[in-house]
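Construct the complete structure from the given sequences, taking the supplied hints into account.
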Amino acid sequence: MTNLAIQTKGLKKAFKDVSVLNGVDLDVRRSEIFALLGSNGAGKTTIINILSTLLIPDSGTASVGGFDTQRQPERVRELISLTGQFTAVDGMLTGRENLVFVARLRAVPNPTQIADQLLGQFGLRDAAGKRVDTYSGGMTRRLDIAMSLIGTPAVIFLDEPTTGLDPEGRLEVWDTIKKLAEGGTTILLTTQYLDEAELLADRIAILHEGRIIAGGTLDELKRLFPPAKVEYIEKQPTLEEIFLAIVGKKTEEVAT
Amino acid sequence: MNALRDTGILVGRSMRHIQRSPDTIITVAIMPIMLMLLFVYVFGGAINTGTDNKVNYMLPGILLIAIASGVAYTAMRLFTDKQKGIVARLHSMPVSRSAVLWGHVLTSLVSNAVSLAIIILVALVMGFRSSAGLTAWLAAAGILTLFTFALTWLAVVPGLTAKSVEGATAFSYPLIYLPFISAAFVPTATMPTPVRVFAEHQPVTAIVNSLRALLGGQPVGIDIWTALAWCAGIAILAYFFAMRAYNRVP
Chain Y
1 MTNLAIQTKG LKKAFKDVSV LNGVDLDVRR SEIFALLGSN GAGKTTIINI LSTLLIPDSG
61 TASVGGFDTQ RQPERVRELI SLTGQFTAVD GMLTGRENLV FVARLRAVPN PTQIADQLLG
121 QFGLRDAAGK RVDTYSGGMT RRLDIAMSLI GTPAVIFLDE PTTGLDPEGR LEVWDTIKKL
181 AEGGTTILLT TQYLDEAELL ADRIAILHEG RIIAGGTLDE LKRLFPPAKV EYIEKQPTLE
241 EIFLAIVGKK TEEVAT
Chain F
257 MNALRDTGIL VGRSMRHIQR SPDTIITVAI MPIMLMLLFV YVFGGAINTG TDNKVNYMLP
317 GILLIAIASG VAYTAMRLFT DKQKGIVARL HSMPVSRSAV LWGHVLTSLV SNAVSLAIII
377 LVALVMGFRS SAGLTAWLAA AGILTLFTFA LTWLAVVPGL TAKSVEGATA FSYPLIYLPF
437 ISAAFVPTAT MPTPVRVFAE HQPVTAIVNS LRALLGGQPV GIDIWTALAW CAGIAILAYF
497 FAMRAYNRVP
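Protein chains in written order, with this note's numbering: chain Y, 1 to 256; chain F, 257 to 506.
Where hints are given, some of them may not hold.
[Said to hold, decoys possible] With a straight-line Cα cutoff of 30 Å, these simulated DSS-like cross-link-like pairs (lysine-lysine) come out:
{"hint": "1", "chain 1": "Y", "residue 1": "Lys235", "chain 2": "Y", "residue 2": "Lys178"}
{"hint": "2", "chain 1": "Y", "residue 1": "Lys130", "chain 2": "F", "residue 2": "Lys338"}
{"hint": "3", "chain 1": "Y", "residue 1": "Lys130", "chain 2": "F", "residue 2": "Lys340"}
{"hint": "4", "chain 1": "Y", "residue 1": "Lys12", "chain 2": "F", "residue 2": "Lys340"}
[Stated by the list, open to error] Among chain F residues calculated to face chain Y with C-beta under 10 Å, some are:
{"hint": "5", "residue": "Arg272"}
{"hint": "6", "residue": "Ser277"}
{"hint": "7", "residue": "Ala344"}
{"hint": "8", "residue": "Leu394"}
{"hint": "9", "residue": "Val505"}
[Unchecked claim] Covered by chain F, according to a simulated footprint, are these stretches of chain Y (three or more residues, beta-carbon under 8 Å):
{"hint": "10", "stretch": "52-59"}
{"hint": "11", "stretch": "69-81"}
{"hint": "12", "stretch": "99-106"}
Derived from the structure by calculation, the hints contain no laboratory data.
Given the structure is predicted, the values throughout are model-derived calculations rather than measurements.
Glycine included, each C-beta is placed from N, C-alpha and C at the ideal position.
Below you can see the structure in the form of structure tokens.
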């Protein structure tokens with residue numbers, strides 16, 4: 001088996017006349033947290049949807065765990081879990097019922113036991129019997145992620161997991177993601193928050209206008225940043241500055 | 257086999273929704289019950305149905321109205337599942353794709369059956385009496401189930417394609433009014449020719465006539481075949497468009 005958990009080559013996708021992906025090459029190694037960084041409309045969700053077998057690319061290939069998403073979608077679905085941009089939980093059911101529902105669909109043995117274990121792990125034990133409609137944003141997101149862990153998928157897609165959360169909720173989710181990665185799960189995370197990518201990711205790719213325009217570890221990305229000219233004060237560039245610098249440069253190149 | 261298992265789990269889930277919000281069944285039953293009261297006790301005296309028992313005459317049309325409004329909830333539940341990303345979650349899991357739709361369709365059959373049972377109980381209190389034997393009752397139940405099945409697949413189309421809840425459920429209004437322009441509540445003989453022609457050749461009239469004959473212990477004649485053909489035709493056409501819409505859903 002290859003050392004790559006996720007690989008895409010020349011991925012292209014257009015919706016009607018609007019081209020969203022213009023040839024995306026992506027390599028995600030096993031057991032790493034990989035952040036796909038980009039502004040709204042950059043194509044992050046489209047990539048996630050192709051990788052989770054929901055969309056078919058116009059051209060190019062995508063594979064997860066060595067299985068092609070178009071030719072072997074069933075195999076891919078057995079390996080992955082998707083936590084979409086909008087928390088896909090059933091508000092009419094309780095937290096426990098949501099977990100049991102997914103556990104039964106994934107045909108894991110002892111669904112209730114798995115549910116109880118996850119409820120404890122995600123600090124939802126007290127709310128287990130309450131309808132999810134009554135949960136806070138952070139609790140809902142934690143439940144959403146907990147649902148994705150059932151059946152111990154090898155690869156987890158987290159599409160903007162902290163969008164719309166208050167600072168406390170964000171910290172809760174960050175904590176969860178870090179623990180997950182310690183357990184050896186490969187995580188592909190999309191975010192528009194630069195601090196999130198900086199804090200969580202082993203490697204980062206910057207997606208802009210349907211293309212990966214830079215990628216690597218944070219240190220590698222920092223090296224791309226033009227060196228400081230004035231030498232009296234040494235200021236480390238933040239990822240935000242790196243991002244804006246790279247995106248700005250590319251846009252200029254396109255314009256000229 | 258997995259598809260059956262998945263469907264079972266999904267039916268269990270949406271049946272729990274219905275248990276948690278019994279209003280979906282009660283609302284579906286109440287409007288037709290009000291109409292039945294209105295037709296029997298208010299307009300009843302002025303409508304010459306040619307029968308003594310007004311409840312017997314009105315009940316089949318009332319049941320069809322209940323089904324037409326009941327299937328709107330299927331569209332709503334499906335729309336919500338799609339909107340919330342639950343459909344996408346299920347599609348990214350090793351879950352049979354068709355089970356996601358069948359779960360909703362079977363739930364619709366069960367919940368509509370419960371609504372119809374409530375209406376029939378109220379009709380019994382109001383004086384509905386049937387001389388039908390078991391076979392005739394089963395045949396009537398079969399036609400009602402097939403009609404529900406057909407309209408449910410029709411409901412799947414807006415449930416998958418609509419942009420808002422209102423848009424998802426709006427399709428049911430014309431269906432609810434269809435029994436009014438049929439032989440369901442007034443004999444068609446008094447209607448002006450164009451209306452009468454429409455009334456006599458639309459599906460509700462054949463279905464209502466069959467149900468009336470079955471429940472009244474009368475021979476059903478050709479109407480039942482017309483009724484079955486309509487239901488099967490609507491179901492097949494609706495299924496085709498529903499699957500076409502479903503294949504576009506990520």
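Each hint tested on the structure:
1. Y:Lys235 <-> Y:Lys178: This hinted pair holds, its Cα atoms lying about 28 Å apart.
2. Y:Lys130 <-> F:Lys338: Distance ~23 Å between lysine 130 of chain Y and lysine 338 of chain F Cα, so the pair holds.
3. Y:Lys130 <-> F:Lys340: Distance of about 19 Å is within 30 Å: holds.
4. Y:Lys12 <-> F:Lys340: Distance of about 26 Å is within 30 Å: holds.
5. Arg272: With Cβ-Cβ at 6 Å, under 10 Å, it holds.
6. Ser277: At 7 Å from the nearest chain Y Cβ, serine 277 of chain F passes the 10 Å test, so the hint holds.
7. Ala344: Status holds, d = 6 Å.
8. Leu394: Violated, about 33 Å.
9. Val505: Hint holds; valine 505 of chain F Cβ to chain Y Cβ min 9 Å, cut 10 Å.
10. 52-59: holds (count 4)
11. 69-81: Holds, because 5 residues of the stretch 69-81 of chain Y bring their Cβ atoms closer than 8 Å to Cβ atoms of chain F.
12. 99-106: Check passed, 5 qualifying residues.
Checked against the numbered hints above, the structure violates only hint 8.
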